[in-house]
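Student: Just so you know, the sequences run in chain order P and H.
Under my numbering, the first residue of the first sequence is numbered 3, with each subsequent residue one higher.
Under my numbering, the first residue of the second sequence is numbered 132, with each subsequent residue one higher.
A portion of the hints provided could be inaccurate.
Claimed, not checked - Pairs of lysine-lysine, DSBU-like flavour, derived with a Cα cap of 30 Å:
#, chain 1, residue 1, chain 2, residue 2
1, H, K188, P, K70
2, H, K188, P, K108
3, P, K70, H, K140
4, P, K44, H, K188
5, P, K73, H, K188
6, H, K188, P, K17
Treat the hints as calculated values from the structure; they're not laboratory data.
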Amino acid sequence: QQQVKQSPQSLIVQKGGISIINCAYENTAFDYFPWYQQFPGKGPALLIAIRPDVSEKKEGRFTISFNKSAKQFSLHIMDSQPGDSATYFCAASNSGGSNYKLTFGKGTLLTVNP
Amino acid sequence: DSGVTQTPKHLITATGQRVTLRCSPRSGDLSVYWYQQSLDQGLQFLIQYYNGEERAKGNILERFSAQQFPDLHSELNLSSLELGDSALYFCASSVADSTQPQHFGDGTRLSIL
Numbered sequence: 003q004q005q006v007k008q009s010p011q012s013l014i015v016q017k018g019g020i021s022i023i024n025c026a027y028e029n030t031a032f033d034y035f036p037w038y039q040q041f042p043g044k045g046p047a048l049l050i051a052i053r054p055d056v057s058e059k060k061e062g063r064f065t066i067s068f069n070k071s072a073k074q075f076s077l078h079i080m081d082s083q084p085g086d087s088a089t090y091f092c093a094a095s096n097s098g099g100s101n102y103k104l105t106f107g108k109g110t111l112l113t114v115n116p
Numbered sequence: 132d133s134g135v136t137q138t139p140k141h142l143i144t145a146t147g148q149r150v151t152l153r154c155s156p157r158s159g160d161l162s163v164y165w166y167q168q169s170l171d172q173g174l175q176f177l178i179q180y181y182n183g184e185e186r187a188k189g190n191i192l193e194r195f196s197a198q199q200f201p202d203l204h205s206e207l208n209l210s211s212l213e214l215g216d217s218a219l220y221f222c223a224s225s226v227a228d229s230t231q232p233q234h235f236g237d238g239t240r241l242s243i244l
């Protein structure tokens, strides 16, 4: 059972454009939603995270939009740069239980063309 | 640099063998998580330890086991290896039992021949 669905699988954007990656979750107990960025040969690195008490969080060129009623959240990368080319993973966890594992989406391979 | 150290970076071995993967968490982090990353399954949670005690289990096979030592480093033991065990294995750490975020190491790539 895939509890976090991520789309698209791959995305090609021109330099300066906006990259948008979407995720949907099923478990209403999830209350922490991070995005990770992974470069080849490296581990996932935390990019930005949001909790459901806010609908949007912005850090530099990266913004998370969160829609609790639709159980969806998305990552927007403004002014995308070639250095942003990487695989992006959304994830979710439940801090109210005894297991704080992250449940990950399948990932989106972003390519930003110069 | 996340501060999480994993060794070795690469492991090549044969079916039926046993290997040990090592993880040193960030300084001050008490909780360690192990994840498996494969092309078909993506990133899957295996097991969590907090201050030496097992806290949660995910999709971890019975052939796999882990432990966390008093100095807080952790080891993931994989035995009776099968071709399907070929994957990237990541360790992550967080400050306490229930806190986020989790910071990931650069992983160990395990190849079974």
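Student: Regarding the pair K44/P and K188/H, is the alpha-carbon distance no greater than 30 Å?
Tutor: Holds, at about 24 Å.
Student: Do the alpha carbons of K188/H and K17/P lie within 30 Å of each other, as the hint requires?
Tutor: Distance ~42 Å between K188/H and K17/P Cα, so the pair is violated.
Student: Taking only the CA atoms, is the gap from K70/P to K140/H under or equal to 30 Å?
Tutor: Roughly 39 Å between the alpha carbons, so the hint for K70/P and K140/H is violated.
Student: With a cut-off of 30 Å on the C-alpha distance, tell me whether K73/P and K188/H pass.
Tutor: Given that 30 Å is the threshold and the Cα spacing comes to 26 Å, the pair holds.
Student: CA of K188/H to CA of K70/P, is that 30 Å or under?
Tutor: 28 Å, holds
Student: So if I understand the rule, the pair passes when the alpha-carbon distance is 30 Å or less; does K188/H with K108/P pass?
Tutor: 20 Å, holds
Checked against the numbered hints above, the structure violates hints 3 and 6; every other hint is satisfied.
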